[in-house]
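Participant: Fit chain S to the given chain A structure using the hints.
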Amino acid sequence: MAALPLMKLIRLKGVPILQQLHLEERLLRTSPHNWCIINDGTNLPHIVMGISGKPAELLEINSVLRDKVPVIRRFSGGGTVIVDTGTIFVTFICNKDDVSEVQPYPRPIMSWSSLLYSRVFQGVGDFVLRENDYAFGNRKFGGNAQSITKNRWIHHTSFLWDYEINNMAYLKLPKRAPEYRLARNHLDFICCMKEYMPRTNFITRTVDALQGEFSVETTDLEAVESPSNTKFIHSSKILTERELEEAALG
Amino acid sequence: MLSRRIFRTRPWSSAGWRGLVHDRTAAKSSPPVTGTARQSWLFSARDFKSMPSCSVHKFYEAKNPYGIQGCSFSSQPMVEVRVDGIVEIPLAQTGEGIAECELLKWFVQPGDKIDEFQPLCEVQSDKATIEITSRYKGEVSEILHVPGDIVKVGETLLKLFVSELSVPAEVGDTMEPDNDTCTSDIQETAKGGVLSTPAVRNIAKMYNINLQDVSGTGKDGRVLKEDVLKYAASKGLIGDIPSPITGDPVKQKSEREDIHQDDYEDKTYPLRGFHRAMVKTMTAAAKIPHFYFVEEINCDALVDLKAFFQKHSDPDVKHTSLPILIKSLSMALKKYPLLNSRFSEESNEVTLRGSHNIGIAMATPSGLVVPNIKKVQSLSILEITKELSRLRDLAMANKLSQDDISGGTITLSNIGSIGGKFGSPLINAPEVAIIAIGQLQKLPRYDDKGNVYPAAVTTVNIAADHRVLDGATVAYFCKEWKSFIEKPELYMLHMR
Numbered sequence: 001m002a003a004l005p006l007m008k009l010i011r012l013k014g015v016p017i018l019q020q021l022h023l024e025e026r027l028l029r030t031s032p033h034n035w036c037i038i039n040d041g042t043n044l045p046h047i048v049m050g051i052s053g054k055p056a057e058l059l060e061i062n063s064v065l066r067d068k069v070p071v072i073r074r075f076s077g078g079g080t081v082i083v084d085t086g087t088i089f090v091t092f093i094c095n096k097d098d099v100s101e102v103q104p105y106p107r108p109i110m111s112w113s114s115l116l117y118s119r120v121f122q123g124v125g126d127f128v129l130r131e132n133d134y135a136f137g138n139r140k141f142g143g144n145a146q147s148i149t150k151n152r153w154i155h156h157t158s159f160l161w162d163y164e165i166n167n168m169a170y171l172k173l174p175k176r177a178p179e180y181r182l183a184r185n186h187l188d189f190i191c192c193m194k195e196y197m198p199r200t201n202f203i204t205r206t207v208d209a210l211q212g213e214f215s216v217e218t219t220d221l222e223a224v225e226s227p228s229n230t231k232f233i234h235s236s237k238i239l240t241e242r243e244l245e246e247a248a249l250g
Numbered sequence: 001m002l003s004r005r006i007f008r009t010r011p012w013s014s015a016g017w018r019g020l021v022h023d024r025t026a027a028k029s030s031p032p033v034t035g036t037a038r039q040s041w042l043f044s045a046r047d048f049k050s051m052p053s054c055s056v057h058k059f060y061e062a063k064n065p066y067g068i069q070g071c072s073f074s075s076q077p078m079v080e081v082r083v084d085g086i087v088e089i090p091l092a093q094t095g096e097g098i099a100e101c102e103l104l105k106w107f108v109q110p111g112d113k114i115d116e117f118q119p120l121c122e123v124q125s126d127k128a129t130i131e132i133t134s135r136y137k138g139e140v141s142e143i144l145h146v147p148g149d150i151v152k153v154g155e156t157l158l159k160l161f162v163s164e165l166s167v168p169a170e171v172g173d174t175m176e177p178d179n180d181t182c183t184s185d186i187q188e189t190a191k192g193g194v195l196s197t198p199a200v201r202n203i204a205k206m207y208n209i210n211l212q213d214v215s216g217t218g219k220d221g222r223v224l225k226e227d228v229l230k231y232a233a234s235k236g237l238i239g240d241i242p243s244p245i246t247g248d249p250v251k252q253k254s255e256r257e258d259i260h261q262d263d264y265e266d267k268t269y270p271l272r273g274f275h276r277a278m279v280k281t282m283t284a285a286a287k288i289p290h291f292y293f294v295e296e297i298n299c300d301a302l303v304d305l306k307a308f309f310q311k312h313s314d315p316d317v318k319h320t321s322l323p324i325l326i327k328s329l330s331m332a333l334k335k336y337p338l339l340n341s342r343f344s345e346e347s348n349e350v351t352l353r354g355s356h357n358i359g360i361a362m363a364t365p366s367g368l369v370v371p372n373i374k375k376v377q378s379l380s381i382l383e384i385t386k387e388l389s390r391l392r393d394l395a396m397a398n399k400l401s402q403d404d405i406s407g408g409t410i411t412l413s414n415i416g417s418i419g420g421k422f423g424s425p426l427i428n429a430p431e432v433a434i435i436a437i438g439q440l441q442k443l444p445r446y447d448d449k450g451n452v453y454p455a456a457v458t459t460v461n462i463a464a465d466h467r468v469l470d471g472a473t474v475a476y477f478c479k480e481w482k483s484f485i486e487k488p489e490l491y492m493l494h495m496r
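Residue numbers (the UniProt record's numbering), protein chains in the order written: chain A, 1 to 250; chain S, 1 to 496.
Each hint can be trusted.
In silico lysine-lysine, PhoX-like type, Cα no more than 25 Å apart, as pairs:
(1) K386/S to K374/S
(2) K375/S to K54/A
(3) K175/A to K152/S
Cβ-Cβ distance ranges computed for the label pairs, FRET-style:
(4) P70/A to T364/S: 32 to 42 Å
(5) D126/A to S347/S: 38 to 48 Å
(6) H290/S to P32/A: 55 to 65 Å
(7) K105/S to I165/A: 31 to 41 Å
(8) L352/S to D98/A: 51 to 61 Å
(9) K152/S to K172/A: 22 to 32 Å
(10) S347/S to N185/A: 24 to 34 Å
(11) A177/A to E296/S: 56 to 66 Å
(12) P70/A to P315/S: 38 to 48 Å
Note that these hints are calculated values from the structure, not bench results. Just so it is clear, the structure is predicted and the values come from calculations on it, not from any experiment. We put the beta carbon where it would ideally sit given N, CA and C, even for glycine.
This is chain A alone, in the form it adopts within the complex:
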């Protein structure tokens, strides 16, 4: 039997989302290895938009400015989320040749990930991939984004373990919504993972599911962060107050 490809696993807790995104992009673009990064919650509430997200369309900017909620534009595509301690992040960074059965395009990667998570949620709720979201039934609990380069790809997910209802008010209803959302408002559209599975169980089962496809080797964050990393130019950035103000003016 062929040896399973190696995947290095970094387990984090409460790491700031910007630091996580910087780490992910650097690993995607400069590392030759496969990586899984799990960040169990992030320290402070942040809004995270996709690479071409437009604040005026996606955010209630006046509220965001008033409450000084940081807004990040990340390096990958996809939509907008507000993340906090109730969010669990799981990221896969793969060499396309190490997962050669997965075509390096958005849909096949999305399908591959859904099969992996179907093993995680086996016997728990009615897990399904709906368009680009992970859902129990028709309620979304996980959003996805990807970035595909010449030889590698990243697929990262923010899982809604729990959320603050008030935080949702910072986000506008997106112009483009998945068809399965129908006309539901936000609270009727999403659900919390905590109603289905203990937090540590989810992380353990995710690692177990990974081990079915990769030879998983746990690594510390310190081992991958080094002074030379500061030379890497990150694409994910926090929008300045001025940028948000200008966006508000249209």
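Facilitator: Then chain S, alone, in the frame of chain A:
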């Protein structure tokens, strides 16, 4: 005449994403893979002038271990139309149901030599950013879109100059015979035992030559253009084979005919990139009620100051008049900030902008672009000179960043550097003013004593949004600006 910031990212329209999202579950993720659907996809692909290339080409049905029937794309080459070695590279299909992508950034520029599989650009489709790589080794000839453009699948992204015309012989060996009707041309050629390109076949047809009669000297016996011409010459169909230096008389004749024919034929081409952006911004500008204020400025002192800077500062820095005009403009804006404002029609509000981010219109090989120098009020003339040079270099290389071209508060167009007395510019919305500077001319003028002397004179035309600015404000502003240009010693009076 002038465009607004043309890199402003376009607003998404939900219509643009029609067909992108499908309700699929892990159990049934497949696109239709019936024969009919596959053929219809292939026929639509054939309609494109050049087949999908870059990193996605051939379409085949795949069943992967996950039990999901899916579409996937290998990098097998397909038929492409090449004219004079120029290959049009379209945006290839990046996923089922994806009809268009947003172009995020280029990694190459015209003139760059590129290798096979080298990343060309990054696009975004729905949830993913995707690097598009080149299938060819060649040179970038023309880039047809700018970041922010929505590009439809199949639309040409860029053109490459590929020096060798070839049809890969292995295509016929590796493709499934029932899989790709688009490559029937290649297969027919291969079947006939003669490998050649469409261009070579056209030449043979022109001389009524059967390619099977021609001995091919290319790879794997491929018939090249020279082979056909040599054969034609040997049959007396044409004169001596032309040398590259003297040119082909037959070709010259046909070229002359083509030229004559071209003189009278209409030519239609789609507007792309900067030019397409200009259409959009000028259309928006047309809604603004413009009024124009024209003034003549004596630039004798400006010319002397420029010469002084050149003589007494770093010889590696080339000084021009423009940075001095930019700095003096900023000083005038301090007194008349309304010209550095933004108007919101929706809220009926005017916002006085804190920074003087002065945009400079630049004509580049790719079109008109307006990068801006940020916070001019806090920059020295030397710093403005260096920043202007930096922006100009980036503009000519088509490498301006999003930050360089956004956030402008007022625009200056030195159209006189090309020529013309003055122009009537269009405002770069949502700014409220734009200034066009005409050519510097030597004209006879009277001095204070009534004597005629040759003066360096330019005419400026300030276009202003009449919803925000009135004639008096613009006139006072222009008077202030003119005073700084004609009497630069006034800088010292206001310097902090």
